[in-house]
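Student: So the chains spell out like this:
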Amino acid sequence: MTRERSAPEIHESLRKRPRWGETVIHGLLLVFAGLSIVTTLGIVLVLFSQALHFFARPEVSLARFLTESQWQPQIGHFGILVLINATLLTSLIAMVVALPTGLAIAIYLSEYASHRTRSILKPILEVLAGIPTVVYGYFALTFMTPLLQRLLGRDVVEVFNVASAGMVIGILILPLITSMAEDALSAVPYALREAAYGLGATRLETALKVVTPAAMSGLIAAFVVAISRAIGETMIVAIAAGAGPRNFKSWREALHHLALFNPFKGAETMTGHIVRISGGDISYESIDYDSLFAIGLTLFLITLLLNILSRRIVRRYREVY
Amino acid sequence: MMNTSSPYVIETQDLNVFYGDFHAVKNVQLRIEKHKITALIGPSGCGKSTVLRCFNRMNDFIPTARIQGRVLFHGKNIYDPDVDPVQVRRRIGMVFQKPNPFPKSIYDNVAWGAKINGFRGDLDQLVEESLRRAALWDEVKDKLDANGYSLSGGQQQRLCIARALAVKPEVILMDEPTSALDPIASLRIEELMVQLAEEYTIIVVTHNMQQAARVSDYTAFFTVDEHRTGYLEEFGPTPEIFTTPKSRITEDYITGRFG
Ligand SMILES: Nc1ncnc2c1ncn2[C@@H]1O[C@H](COP(=O)(O)OP(=O)(O)OP(=O)(O)O)[C@@H](O)[C@H]1O
Ligand SMILES: [Mg+2]
Chain Z
71 MTRERSAPEI
81 HESLRKRPRW
91 GETVIHGLLL
101 VFAGLSIVTT
111 LGIVLVLFSQ
121 ALHFFARPEV
131 SLARFLTESQ
141 WQPQIGHFGI
151 LVLINATLLT
161 SLIAMVVALP
171 TGLAIAIYLS
181 EYASHRTRSI
191 LKPILEVLAG
201 IPTVVYGYFA
211 LTFMTPLLQR
221 LLGRDVVEVF
231 NVASAGMVIG
241 ILILPLITSM
251 AEDALSAVPY
261 ALREAAYGLG
271 ATRLETALKV
281 VTPAAMSGLI
291 AAFVVAISRA
301 IGETMIVAIA
311 AGAGPRNFKS
321 WREALHHLAL
331 FNPFKGAETM
341 TGHIVRISGG
351 DISYESIDYD
361 SLFAIGLTLF
371 LITLLLNILS
381 RRIVRRYREV
391 Y
Chain X
25 MMNTSSPYVI
35 ETQDLNVFYG
45 DFHAVKNVQL
55 RIEKHKITAL
65 IGPSGCGKST
75 VLRCFNRMND
85 FIPTARIQGR
95 VLFHGKNIYD
105 PDVDPVQVRR
115 RIGMVFQKPN
125 PFPKSIYDNV
135 AWGAKINGFR
145 GDLDQLVEES
155 LRRAALWDEV
165 KDKLDANGYS
175 LSGGQQQRLC
185 IARALAVKPE
195 VILMDEPTSA
205 LDPIASLRIE
215 ELMVQLAEEY
225 TIIVVTHNMQ
235 QAARVSDYTA
245 FFTVDEHRTG
255 YLEEFGPTPE
265 IFTTPKSRIT
275 EDYITGRFG
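Going down the list, the protein sequences come from chains Z and X. All letters in the first sequence, in the order written, are residues 71 to 391 by the numbering used here. All letters in the second sequence, in the order written, are residues 25 to 283 by the numbering used here.
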C-alpha cells in the first residue's frame, strides 16, 4: 500500500513546472506574428513618405488632387477622381457579375448539390481560380469586347472599354466569392435547416430565409475580400480597359450624358495607370514617379475603408447561433 | 380505400428503414391514437429517432436513407408519389433534442413558420397565442425583439414548441425534447405536453422511463435483434407496459436489468 501523502507534499506536487519547448515555440510564433505586422507597417510607411513627396511639390495641392477632373501630372493636372472612378466602375461591374452568380452557385453547392456533383463542380471552380490573370486580360480583349460589340454595335462599344474588363474581373473573382460563400453557408449548423424543414419550409425557403441570413457575416466577408480583389486587379484592366485616364476639361463635361460613367468607353484605373507608368524608364525624380505613391496610398485607403465599413456591417447584421 | 372514421392519426404498416445496406429498423406496426401521447422508448441505437423521422419524412434529407412499407396519415400513405413532403411537415411538426431556435428575434422565430405557410391574419395574435400555449408568454412578452438564443435552454425549447404550434399542426413529434434540460425545465415541458395533448397528438422519444410513465398514454418499446436491427418489441397502454409487460425483454429494460 502506498503511504498517504501529506498536504505540503501535495502542494509541492502542484508547483508550476517550466516548459522550455512551449516557451520557445511561443516566442517563435510571436516573432512571426510581429514580422507580418512590421512588414505591413513598413509598406504603409513607404507609401506615406513617398506620397508626401508628391504633395510637397509646389504645383500639387490636396484640394486639386481631390477635385480636378483630369489626371495628367506632366502638364499639371492631378485629379485622382477620374482614376478612382474607373476603378469603381470596373469593380462595380465585376461585383454585379460575380455576386449574384457566386451566391447562387454557393447556395446550389451547399444546399442542393449531391456529394457527387459537388466533388465535380468544386475542382472546376478551382481550376478557374488558377488561370493567370494575363489570360483573363486577353480573354476580355479578344472575346468579351467583340461579343459586346456584336451585341450593342461597334459605335457604342470601344475596343478598350470598362465593361468587358469589369465583366472578366467578375469571372476572375467568381471562384473566390463562391468558395468563401459556400464555406459560410456550410458552416451554418444542420439543426437550423432541420428546424426550417420541420416547419414545412421548402429547400429554397430554407436556403434563402434561414441559411443565408445565418451566414450573413461570412457572406459579407466574402463580398469584401472579392471587391478588394477586384479593386486591386491590375492585369485585366491594363490589357482591356484602356491605356489612358478618362479625362474631362470640366466636371460639367464629365457629367454631360453621364460620360464619366459610360461603361463602353475606355478608362484607366488606378492600378492600370500604375503599371503603365511604372513600367520602363521612369525617372525617380519625376512627378510621375511621386504620383504613383499618391495613387497607391489612395488605393490602400480605399480598401482599408472598405474593411472597416464591412466590420461594422458584420457586427450589426450578425446572427449568432 | 380511405378509412376516415379511424381513431388512428398515424399508422405504420410493415415499416422498414435502411441506411445504405444497413437495415436499421424492421417491420414496425404502430397505431397512434388521436390526442394521446405516445412514447417511444428503448436502448440507444434501436431506431427510435429513425422511426419518428419517418412520420414527417425528415429522413428524406438523409441521402442514404431508404424506406419500405407504409406510413398512413389519416389513411393516406405519406410516401405515395403524389404526396408533397412539405405539406406533410406542415401537418406533422417536430421538436428536436437540442433546442434549435433560429438566430432571429423571439417574435420572428414564432412567426416564421406561419409566414412561409402563407398565414393571413393577425400575426401578433398568433405569436402571443402560440407563446401562451407553450407556457412561455409571461417570460418573454417584454422582450419579443430579443434574439432567440438569449433565452435559457428550457425557454429555447419552449420557444421551439411555440414555433411548431404556430404552424397549427395536428401532430407534434418530439425527439428527446428534455434531454438537454435540467429537471425543473424538463418538468415544465412535461406539463406542457400533457396540456397540449388536449388539442394535439404527440409522439415523444425519451430515454427517461419516469418521463414516459408520467406523461404518455401509450408506450412503444423498441429494441435490437442480433443484427443490430431495431424492431418494435411491445406496444400498449403505458400502465400495462410499465406494470405488466408481456415480454421479458421489455420487463428487463424497464426495471433497469437491460444488457
Ligand atoms: N444518417 C445515418 N446514416 C447511417 N446510419 C444511421 C444514420 N442515422 C442513424 N443510423 C443508425 O441507425 C440506427 C438507429 O439510429 P437512431 O438514431 O434511430 O437510434 P435511436 O434509437 O434514436 O438512438 P438514441 O437513443 O441514441 O438517439 C443506429 O444503429 C444508427 O447508427
Ligand atoms: Mg435518437
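Be a bit skeptical, because a hint or two may be false.
[To be verified] Some but not every residue of chain X turned toward chain Z, in silico, with C-beta under 7 Å: (1) V107; (2) R114; (3) Q121; (4) G137; (5) N141; (6) R144; (7) G145; (8) L147; (9) L150; (10) V191.
[Stated by the list, open to error] Capping the alpha-carbon separation at 25 Å, the derived lysine-lysine pairs in BS3-like fashion look like this: (11) K60(X) to K270(X); (12) K192(X) to K279(Z); (13) K122(X) to K167(X); (14) K270(X) to K279(Z); (15) K192(Z) to K58(X); (16) K60(X) to K279(Z); (17) K279(Z) to K167(X); (18) K139(X) to K167(X).
FYI, nobody ran anything at the bench for these hints, they're computed from the structure. Glycine is no exception: its CB is placed at the ideal position from the N, C-alpha and C atoms.
Student: Next step is simple, just say for each hint if it's right about the structure.
Tutor: Status of the hints after comparison with the structure:
Interface hint status for V107(X): violated, as the beta-carbon distance to the closest one in chain Z is roughly 13 Å, over 7 Å. Hint on R114(X) holds. Least Cβ distance to chain Z is approximately 3 Å, under the 7 Å limit. Interface restraint check for Q121(X): the shortest CB-CB distance to chain Z comes to about 9 Å, outside 7 Å, so the restraint is violated. Given hint, G137(X) at the interface with chain Z, holds; its Cβ is 4 Å from that chain's nearest Cβ, closer than 7 Å.
With a cut of 7 Å, the hint placing N141(X) at the interface with chain Z holds, because the nearest CB-to-CB distance is about 6 Å. For R144(X), the interface hint is violated, since its Cβ never comes within 7 Å of a Cβ in chain Z; the closest pair sits about 16 Å apart. This hint is violated: G145(X) has a C-beta 17 Å from the nearest C-beta of chain Z, more than the 7 Å allowed. A cut of 7 Å between beta carbons decides the hint on L147(X): the least distance to chain Z is about 15 Å, and the hint is violated.
For L150(X), the interface hint is violated, the least distance from its beta-carbon to any beta-carbon of chain Z being 13 Å, above 7 Å. With a cut of 7 Å, the hint placing V191(X) at the interface with chain Z holds, because the nearest CB-to-CB distance is about 5 Å. For the given pair, K60(X) sits about 22 Å from K270(X) by alpha-carbon distance, which is consistent with the 25 Å threshold. Between K192(X) and K279(Z) the alpha-carbon distance is near 20 Å, which keeps this suggested pair within the 25 Å criterion.
For the hint pairing K122(X) with K167(X), the CA-to-CA distance comes to about 23 Å; that is within 25 Å, so the pair holds. In summary, the hint linking K270(X) to K279(Z) is not supported, as the alpha carbons are separated by about 49 Å, beyond the 25 Å threshold. Of the pairs offered as hints, the one joining K192(Z) and K58(X) is violated, with about 49 Å between alpha carbons and a cut-off of 25 Å exceeded. A distance of roughly 34 Å separates the Cα atoms of K60(X) and K279(Z); the hinted pair therefore is violated under the 25 Å criterion.
The hinted pair formed by K279(Z) and K167(X) meets the criterion: a straight-line CA distance of about 22 Å does not exceed 25 Å. Proximity of K139(X) to K167(X) is assessed by CA-CA distance (about 21 Å); at most 25 Å being required, the pair is judged to hold.
When held up to the earlier numbered hints, the structure conflicts with 1, 3, 6, 7, 8, 9, 14, 15, 16 and fits the remainder.
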